[in-house]
Amino acid sequence: MEMAKEKFAMKKRLGVTLCILVLFLIFTSSAFASSSYVLPYPSSMPGSFMYNPRLLLEKALKFWYFGNFGQFTYNLKQSDKYLVEAKTLFEYNQYLLAYKALQKSDSYFLKTLPNLKDAQKEGKNISQNRKLLSSAAQKHIEILQNINLPDEFVWQPEKSASSVLQLKSAIETSISIRKKYQ
Amino acid sequence: MKKLLFFSYVVFLFLFTFFSYLFIDPNLSYLKNLRSEFVFSHRLEISIGYVFLIIIHFVFYLIFLKMFKEKRLGKKDIKAVVVITCGVLLFSYPAMLSFDIFNYLLTAKVAFFYHENPYIIMPIQFLGDPMLAFTHGANKIALYGPSWITITSAPYLLGLGNFILTLLNFKLAILAFYLGTTWLIHKMSKDYVSVILFSLNPLVVIETLLGGHNDIVMMFFALLSFFLLSKKKAVAASIFILISFLIKYSTFFLLPVFAYALVKPNKKSISWEKIYKVCAILMFIAFILSPFKEEMYPWYAIWFLPFAALSYKNKIILYISLAFSFSLLLRYVPFMLLGTYFGPTPLIKILATGVPVAVVSMYILIKEKLWLKKFFR
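In order, the protein sequence lines correspond to chains A and B.
For the first sequence, our numbering begins at 1 and goes up steadily by one.
For the second sequence, our numbering begins at 183 and goes up steadily by one.
The shape of chain B in the complex, shown without the other chains:
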């Protein structure tokens, strides 16, 4: 049974990797041999295939979780699943669902190849750069903080000017931070259920190992700072939370909790479970407020999912985070199907996100009988 499960999971991962290559940008000359127009000519089939893959991914996720809880899978098995997932998805095409990784690369190129300040000079000013053909948002100055730009120097410079190698390096760097976050969750919770909940979560896997979003880097440093704080290493913790702030600024929401834990004289009296719970709520608020800045992008869920995994014993946090993990991945479907960001697409995206979350919320209300508790209090 276990062997069959592992085998089918590996097949699934390869299938997902193959599926990702159908989305190669027509202007991406570096992968012109692998390019096909299938995505644009078969929108319905692609959308159905994507939804199908997402559902299958969630089924695997829940099976791993259930089998571990029933002790049919051990810690070694979970480690193997994480390693296999990393190993296969490292070679997936990263711009299947978003083009952010190209933006990271081009911003790094502005800083470390052209030796210009990416906060002043936009990539589009380098006329004739081959990456401009397929990078979206090249008319913007650097969107991320200086910590991120500094971190990108390593994968960029190790790419030795080769696009494919640089792209692979960026994916490797993100993978390293994913593994680091997994390790920290294990260290902080001493519970493999938390590890499974976070590290095998389809949204985390897709947006991190496939899409290569830098949110995982920001969260790695945030978790590291809390971990170090729990070990009474206040200076190192403060440095790492600062690094986290200066990646994408969202972890600034954690400042009140961090300050509380930092100034509290007796660290032993701190309930870290409660701290993580508050962190999950604060990062969830940051996520909910994200549409005011731009849009509720699916990978923004990575802001609260690590803390939600650490607080999974709270059923509301668990169910809501799972519901969002599923529904946010459905936000890609309207564009895949219709090929436009306008018309009914925005409304369908809201419905795709809202309906599963609303259904789960109703379920929690009924199952937990919160309304009854409130009524008969």
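With the rest of the complex left out, here is chain A:
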């Protein structure tokens, strides 16, 4: 009888220790991984009447953000915006639109470092912006890693041929792009 009680107490202690250990691992790991970089609010989404004017405005703003630092800021902002758009659309299972938004985010992200390299060639100190880019890459990776998706998805539009979206691979590509910039 006493042996059984002792066994139960030991199991209880082990259970509590394990719980503490798991909680410790969860919280400490998330505290170290999270980036302080702040992403924007979701902007107007595809299908909204404001979406096309937004695209037009984005095209015009490209010229307003002249200069290497300006272009860097523009490309990073755009990449952030489309990443948030992709995440929101994935959550609503709008896979095709989300997939396209993610590709746009990737293409803008890829332009950021060349902008900084050009700025460096002009003698500008890029250390602050390089840190910003690294922090943004980390935040993007955190967001991308938390998106749960099927490996692939067959998108069947109403009046055209279906297409297979390699969702998992798209996410992995996006993460690998950003890892290079960390």
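Don't read these hints as lab results, they were simulated from the structure.
So, partial list: chain B residues that the calculated Cβ filter (under 7 Å) puts toward chain A: (1) ILE303; (2) LEU309; (3) GLY310.
From chain B, some residues computed to sit far from chain A (all C-beta separations above 12 Å): (4) ARG225; (5) LEU226; (6) GLY231; (7) GLU252; (8) ASP259; (9) PHE345; (10) PHE409; (11) SER412; (12) ARG513; (13) LEU529; (14) VAL541.
Taking CB as the label site, the calculated pair distances span: (15) SER44/A x PRO528/B: 42 to 48 Å; (16) VAL445/B x LEU55/A: 38 to 44 Å; (17) TYR203/B x SER44/A: 54 to 60 Å; (18) SER44/A x LYS415/B: 42 to 48 Å; (19) PRO328/B x PHE49/A: 29 to 35 Å; (20) VAL541/B x SER44/A: 54 to 60 Å; (21) PHE49/A x ILE498/B: 53 to 59 Å; (22) PRO528/B x THR173/A: 53 to 59 Å; (23) GLU122/A x VAL233/B: 44 to 50 Å.
Note that CB positions come from ideal geometry on N, CA and C, so glycine has one too.
Could you slot chain B onto chain A? The hints should help.
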């Protein structure tokens, strides 16, 4: 007498110029040979010296005005005084009372040296730029409109990358607009009293020729547009008022008057004196409302002073503008004395501005017996 007056005025201007160099920023490496810590270690003496210089400046101002009215000074003499003032104060240290001129320079550098949009990229993003050590507000994007940034391209590029030369070019550009405004006031009023009232006003002289504030540029274009409107050149007038709006936005307050004068079919029937009076009042309202945006900076008085000078026959406008010209220059004293923007400084600044204006207002009320007129109407 005239020679003595001129001589003492020149001595005074040199003294003021020398005084300005006591305020060189400790981080301004370009002028390190002229730098001293006197301002920081002798705050009381500096404050007394500043108040003394301001009073002397006003005494000269009133003497010039009185002697011209008594015909003891001619138009040529006034022109000479303006030229001498420009010639001496061009070489004064501009950041004695505010650091805005460094901000103009750095914003121009962002646009024309780094080739970045100053409305997007802040100067502070150019780490290692030597100007960041002494420029205040480097963590802000461009504060002024595109007209101003375009205008600054000339003094900046002609500086050929040399800080001192660029600084001198900016002062020269401001001086040119000051002379342009003086010329316009003469053309618009045909009265040298207006010219003296504006161009020799100590606040205008200090904030423009010493401090190099761009408010004079905004007002030059505003006056030019009204001048052209009076000459029935509506298109050119509209372009120049737009340029003025796009320097510092404050002249937007003039839009109703400008629109009225623009659409009025018979320009000959317009009373330009009344127009200028309304302009003075509107720009005064803009000035009074400035604390809602930031603070009532002394150089904001330049918004209404040109129109006030054109409407000086209205005694209320004259006295109030003179009172503000004096009291606003006293706003610098609390910081000079205490070395802080906190504690009693804000209250003393309000009192320094308010008391002289209140005293003059009371004087107007009593002298003009406005209260009596109202009572026995």
